[in-house]
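A.B. asks: Chains Z and W: place on chain F using the hints.
Chain by chain, the residues run as shown.
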Amino acid sequence: MTNVLRRREAGIALALLIVIGVTTAVQPGFLLSTGGWRDLLLTPAILVVLAVGQAVVVITRNVDLSVGSVLGLTAYLTGRLFLEAPDLPIVVVTLAAVVTGTLLGLVNGAIVAFARVPALVITLGTLYVYRGVTLTWAGSDRIDAGDMPRTFLGLGTRQVLGIPVLTIVAAVVLAAVGYYMYTSRGGRQLYAIGSDPDAAALQGLPVRRRLLGAFALGGALAGLAGVMFAARYGTVSSGAGTGMELQVVGAVVVGGVAIFGGSGTVAGAALGAMLLLTINRALPVVGIPDFWQRAVVGALIIGAIALDRVLANRRARRLAAERDTGPTDGADGRPGDGADGRPGDSEDVTA
Amino acid sequence: MRTHARPWWQRVLLTREMLTVLILVVAWIVASAVVRGFDGPLTITYLVLDVAPVLLIALPMTLIIATGEIDLSVASVVGLSSVTFGLLYQAGLGLGVALLVSVLLGAVCGAVNGALVAYGGLPSLAVTIGSLALYRGLAVGLLGTTAVTGFPDSWTDGATDNLGESPYPAITLGLLGMIAVFAVLLHATPFGRNVLDIGRSSEAARFSGVDVKRTLLILFVLSGAVSALAGVYYTLRYGSARGDNATGMELQVVAAVLLGGVSIFGGRGAVHGVVAGVLLIGVLGSALRLEGVTVNVINIVIGTALVVSVVAPRIAGGMRVRRRRAAGRRTQGDGR
Amino acid sequence: MKFTTVLAAGTAAVLALGLTACGSGEEGGGGGTDDVSITMLPKNLGNPYFEASTTGAEEAADELGVAVDEVGPDAASPDAQVPFINTAAQQGVGALVVSANDPTAIGDALEEARSAGIKVVTFDSDTEPQFRDLFVNQASPEGIADKQLELVADQIGGKGEIAILSASANATNQNAWIALMEEKLASDYPDIELVETVYGDDDDQTSFDKTAALLQSHPDLKGIVSPTTVGIAAAARYVSTSDAKGKVAVTGLGTPNQMREYVEDGTVESFALWNPNDLGYLATHAAAAFAAGDITGEEGETFEAGRLGEFTVGADGEVLLGEPYVFDKTNIADFDF
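Residue numbers (our numbering), protein chains in the order written: chain F, 934 to 1284; chain Z, 8 to 343; chain W, 2 to 338.
These are calculated hints, taken from the structure and not from any lab test.
A virtual CB, placed ideally from N, CA and C, is assigned to each residue, including glycine.
Mixed in with the good hints, there may be bad ones.
As the list claims (entries may be wrong) - Estimated spans, in silico, between C-beta atoms of each pair:
no.: 1; chain 1: Z; residue 1: Gly181; chain 2: F; residue 2: Pro1139; range: 50 to 58 Å
no.: 2; chain 1: W; residue 1: Gly159; chain 2: F; residue 2: Thr1084; range: 38 to 46 Å
no.: 3; chain 1: Z; residue 1: Glu172; chain 2: W; residue 2: Ala68; range: 27 to 35 Å
no.: 4; chain 1: Z; residue 1: Asp160; chain 2: F; residue 2: Phe1047; range: 32 to 40 Å
Claimed, not checked - Non-contacting residues of chain W with respect to chain Z, defined by C-beta distances greater than 10 Å in every case (computed):
no.: 5; residue: Ala106
no.: 6; residue: Asp147
no.: 7; residue: Glu324
no.: 8; residue: Tyr326
no.: 9; residue: Ala334
Looking at chain F on its own, in the form it has when it is part of the complex:
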């Protein structure tokens, strides 16, 4: 089973390399100039952080559409804090943003976990509410680059050993969350909950606690992404982050995290984010006008979901054959049944 998953993430990585390769062949500066290299690494950093958080939520068979609004709110919060109290250490501001994001995520998580209402609807509502709060707070003011400390803005562009700081942040986040999901009991439980929430509840898993944790993590990472946004762009208007939620979900889906939960990895989601944004940058270089990017991304998302489906069906059929007790109902099409493909899969989730 791990082979299947490895194949998927590897596939995306391969696609990414191909895109970069072809584009560089057309236009060597895309990769081989210092500016190009930096941009390639820097541009996806924010989306990667968002995608990692969203992946955790989607793995539990939920979705969080409010991340764009959370990013906007925390980015504006970052700017305002610096404006009002310019001597605040960057760490404190970052912490404030992350805590805010966590709280906002917890609101979503609480309603989903306790009222047991579909996350799609709740986060649709909070998307509106959080954005409205940001707009009301900000009015039509913007935070300008001049309002923020130089050192902070520098983080948006500085490099350490040739790698942009923001990319390092994204990589650390990816590693930390990936480690948690892959090795810890909590991580495995999240997969189990996504595979079959009812079974998970019956087996005594702390479903509510895990869901709250997943949404809180998603919100925290959205908060962090807001800080990164402020550092990278320098200007924060009340509309910051609008529309990003669909980009994030797209990245996650392309990255192999099935929308019906229970499978996929955060690494895949990160790769999906990188792939999408790199394609965005590559298309104009290859001569496809700007305007067709969205169509390409849409086709990719549909293709990714269809691919997921085909793989899942094949997996289910293989499982059924292996069990050798005749065709089971693995063919009702939910690839979540025991097919998260990880060592020690959901069969022994009671451990």
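C.D. replies: Frame of chain F, contents of chains Z and W only:
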């Protein structure tokens, strides 16, 4: 033992749909009294013109959500149909033909969604997020930077003029017709019953002979075609075909449908609730705008209303279950 | 000083009288004793350029004794402006002063408003003439196009590749200027090649990303012209932290406050604009004059615009503010908008 737990008038009136209708009526009365400029003929005119596309699309969306699926690509189909309508007009085709072709194209878009969901077994949320991007991308790609304008007055006036001296736009008739069609479809035909059955349990529906796949396909095709029709209307109303027309409208439609009492889990819903939901958002928006309240506050209101409208029934349901359980325990003793 | 105050007060009194007379004759709306009010509807809110023009409008409104209200969408798209036009019509305001996101899309809504008795004045970005009563233009389109080409040609040494970072794809004003620039490039600047025009939608993040994409896809780019204040600010910010600083010229239309930092650090050599404050001020005076019946939009009519003096209506109901002004290191400290 009673045959029904509640008297008939409770069953008819204490529904979520009627709650929305009630809130709508109250909102209208309050706004007319309090908001300056609200009780004028222009208000009704603008209200109808503004909510028309949302109302149109909300009708098939109601059926789709009632089956437990969703279609987030509707606004992109609006944009795409707007673009094809404009391009065909530019190429010299008569507007009637352009309208037909655009609606057909919308049906095709819906068919693609439907095929992927019903026959491919893919989850509608993910598929329609993908097609949202794809169709919008096609719309923007086809038209690029320009907008097609200069539609003949006879057509744009048809979209915006009023019925004689009344404050109601001419399109009100068309809207009422569509509402009637979908109301009958959902509430008075076997097809409608099938839709609700699928929402309650697609397995059970399949076992009782409902062709689930075909039903879903039809619903998505309807959604695409109606969205395309809304796109043509939108184009004529604003006199300009643009690739990014109606961006974000899908969220408004879903919010209105859910406010109208349709359950996101599928299996229940009524057209009159949805109409009330659409009008309610329209009235709130109109009143708040007249008061100079900015869009953001309207957003907060819609978002909160959305959350409350979905959470409240769950909590109410939970309380009812608990009450019944407690009552049961009292009358049954504790033999269990 | 005293004379102009008296003149302003007198004008205000006459206008107020005239406007209230007009106001009571209007149908629709809430009916009542509305003070005359003017609604400013820029392309979008949150744009410093329009904040400046609204400040000017408020100044004029104070002088005239009318109320001014600013409304607008978050994103600069034409269908987003229509609800605000509708609202203004419902409220029965005296005049609507609008910067259009598209030359025809808001036409129907404007016509409805006019038939409800609202006077419609466009400023900054026009609609087609039949939809509005007056257009207050900041400068002649030829002047604006020529000035920007002059600046960029000067800064890149007369030859090389340039790109344009515009606002939204349908914006009447930017598209008019770009069309003129393309013409002028073909006829007067044969050694300069326009390789691409991208649209930042007057959104800061989009403009920032588009600048990055431009530099990535055109490594030989010598200059970026951005005929929109949001675009040039984002482009300058990007270039100032990249390798392109000093190698790629950034110019166009910008506000001194936003551009000061980049002029001082050498990213931007010079750029142009007019005073948006004055533009809003003039537009409000023009709208008030029109609403009072002092002018009817005919060519040759004149009216007073407070501290800016007298203005004459040109062809097609157009009123010109003046010529674009060039800002650079030597004078940028003198301005505050």
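A.B. asks: Per the hint of 32 to 40 Å, is the separation of the Cβ atoms of Asp160(Z) and Phe1047(F) within bounds?
C.D. replies: violated, 56 Å
A.B. asks: Evaluate the given range 50 to 58 Å for the C-beta pair formed by Gly181(Z) and Pro1139(F).
C.D. replies: Since Gly181(Z) and Pro1139(F) have Cβ atoms about 54 Å apart, the given range 50 to 58 Å holds.
A.B. asks: Confirm or reject: Tyr326(W) is not an interface residue toward chain Z, with every Cβ-Cβ distance exceeding 10 Å.
C.D. replies: Nearest chain Z Cβ is 29 Å from Tyr326(W), so the label holds.
A.B. asks: 38 to 46 Å was suggested as the range; check whether the CB atoms of Gly159(W) and Thr1084(F) agree with it.
C.D. replies: The hint (38 to 46 Å, Cβ to Cβ) holds, given that Gly159(W) and Thr1084(F) are roughly 40 Å apart.
A.B. asks: Can we trust that Ala106(W) is non-interface, i.e. its beta-carbon lies farther than 10 Å from all of chain Z?
C.D. replies: Given that some Cβ of chain Z is not farther than 10 Å from that of Ala106(W), nearest at about 4 Å, it is violated.
A.B. asks: State, for the Cβ atoms of Glu172(Z) and Ala68(W), whether the hinted interval 27 to 35 Å holds or is violated.
C.D. replies: holds, 32 Å
A.B. asks: Does Asp147(W) really sit off the interface, with its C-beta more than 10 Å from all C-beta atoms of chain Z?
C.D. replies: Given that every Cβ of chain Z is farther than 10 Å from that of Asp147(W), nearest at about 23 Å, it holds.
A.B. asks: Glu324(W) clear of chain Z by more than 10 Å, beta carbon to beta carbon?
C.D. replies: Correct as stated: the minimum Cβ-Cβ distance to chain Z is 28 Å, above 10 Å.
A.B. asks: Minimum Cβ separation between Ala334(W) and chain Z greater than 10 Å?
C.D. replies: holds, 35 Å
Of the hints listed earlier, those the structure fails to meet are numbers 4, 5, in rising order.
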